[in-house]
Structures are given as C-alpha cells and as structure tokens.
Amino acid sequence: MTKRININADLGEGYGHYAIGNDDAILEIVKSVNVACGLHAGDATIMRDVCLKAKANGVSVGAHPGFNDLWGFGRRQIRMSADDLEYLVAYQLGALAGMAAYAGMKVTHVKPHGALNNMCAVERDYARAVARAIKVVDPSLYYLALSGTEMERAAVDLDVPVAREAFIDRLYEDDGNLRARAHGDAMIRDPAVAAERAVRMVLEGEIVSVNGRRMPTRFDSLCLHGDEPSALAVATACCEALRAAGVELVTLPEMMRAE
Numbered sequence: 001m002t003k004r005i006n007i008n009a010d011l012g013e014g015y016g017h018y019a020i021g022n023d024d025a026i027l028e029i030v031k032s033v034n035v036a037c038g039l040h041a042g043d044a045t046i047m048r049d050v051c052l053k054a055k056a057n058g059v060s061v062g063a064h065p066g067f068n069d070l071w072g073f074g075r076r077q078i079r080m081s082a083d084d085l086e087y088l089v090a091y092q093l094g095a096l097a098g099m100a101a102y103a104g105m106k107v108t109h110v111k112p113h114g115a116l117n118n119m120c121a122v123e124r125d126y127a128r129a130v131a132r133a134i135k136v137v138d139p140s141l142y143y144l145a146l147s148g149t150e151m152e153r154a155a156v157d158l159d160v161p162v163a164r165e166a167f168i169d170r171l172y173e174d175d176g177n178l179r180a181r182a183h184g185d186a187m188i189r190d191p192a193v194a195a196e197r198a199v200r201m202v203l204e205g206e207i208v209s210v211n212g213r214r215m216p217t218r219f220d221s222l223c224l225h226g227d228e229p230s231a232l233a234v235a236t237a238c239c240e241a242l243r244a245a246g247v248e249l250v251t252l253p254e255m256m257r258a259e
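At position 140 of the sequence shown (counting the first as 1) the number is 140 in full-length UniProt numbering, and the numbers step up by one without a gap.
For the record, the hints were derived by calculation from the structure and aren't laboratory data. Quick caveat, the model's predicted, so the values are computed rather than measured. Be careful, since some hints might not be right.
To be verified - Within a straight-line C-alpha distance of at most 30 Å, the following computed DSS-like cross-link-like pairs (lysine-lysine) qualify:
| hint | residue 1 | residue 2 |
| --- | --- | --- |
| 1 | Lys-3 | Lys-53 |
| 2 | Lys-3 | Lys-106 |
| 3 | Lys-55 | Lys-106 |
| 4 | Lys-53 | Lys-106 |
Work out the full structure, taking the sequences as your base and the hints as a guide.
Have a look at this one:
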C-alpha cells in the first residue's frame, strides 16, 4: 500500500501592507494550510486571499488561532482563564469561516499557533479550552494536535475529531516536546537536512530528538513554518524527497479518510 502523508504550512501571517513569507509559492507545494486569524497576525483581506488561492491549488484550509499579540507574533505566553481562551479561539474560528466562505470553502481543521500551541501541549485546561471551542463552533473540525500531548488527549476526551501532527522543521527534546525557540538550533533551515528528516519520519514512523533518541510517533500531518526565510526551499526539498520515496501527498481530509 502506498504511503500517504499530509504536509501543512502556517500561512497568512502578514498584516495590512506587510507580507511575511512566500504564501503564493508555498500554496503550490503543500496540501494544507493553517491561516492566521487576525490576532497574532493576519487580517480579513489576507485571510480571504489565502483561501481563494488555496481553493485554486486544491489545498485544504485550517484556522491558526493565537493569542492577541501582534507585537510578539503570538510567541509570548499569555495567562488567562480557560473560559476566556475558549471564547478567544471561537472568535477566531468564526473569522476564518467567514473569509473562507468568500472562496466557497469550508474550514477543515484547527491548529493553535506559537505560544498557545506550546502551552496547549502541556497544559490540560488550555488544551481542553481549544477543544471546547471547536466542538461549539463546528464539531466536524479536526483538532490538529501535536502527537502525544495534552491536545491529543483533550480531543479524545471531548470527542473532537483529532489529526496528529509532527514538525519537519523543528527539533525535539528527549521528552517529545519541541525545542524552545530560545535555542539557536530550534529551527531546521537546511533543506537537505529537513528533506532527509521528513522521509525518515514518514517511512520509519519516528522522530529523532536533539540528542539522538528515537521516538516512535503516530502522525497524520507534518508541519512547515511559512514565515521562515528558508520556508520555500525547505518545503520544495521535503515534498520532492517524499514523492521520490514513493510517498503520496494529500490534503488533511483525504489523509483522515484514508485511516
């Protein structure tokens, strides 16, 4: 049976006249995108444009909600009640659903951004707040959750569809969590290294930590960060290497239907 995988990228992270990343080119390579919903980045026009271009390229669209933190690009931890976080996420899901409607598209999944994603990975209350928002706004949405974390457990506990994610362009610690960006080597920017890593992850079903620990991991989707200067080169190298290894690249809904 042919191996399949979904490759997703975080896009739409400019604001107003300011563009970040090469969204148009990456949309021609990956099969799913997570669109910033206006709080850590993005705005109504950018959301609409990404959705229109995603539809033209046959790419599925997900919401990428974050903290209300334009200044820090959503990468600073913000403490709030779980209820307030739930409503903040629901607010962003509604925003993207509205803009996706302009493209005649339906949002398919939800992936927290930046510091929110990191906190949801280890904090049960935050992880469950996101799951509750999904269940209220649209219970058909997949919770794109970092594999083996509180996010995955929250989705299972609250009966929210879950798709498990791992990262191509981020290093992992030995405990399975992502290496903090405070470390200079947290991001993998070398296309050749990222491509070799992507193929190994899919064919072997494992992640290798920063210290060489091999961690068997279940995942449905692999993420690339669209805001990195190296994003286009990394995305191209990874997708070409996966196809050369006989791996079929599919949208997230196609990947989940195949399970």
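* **Numbers of the earlier hints that this structure fails to satisfy, in rising order** => none
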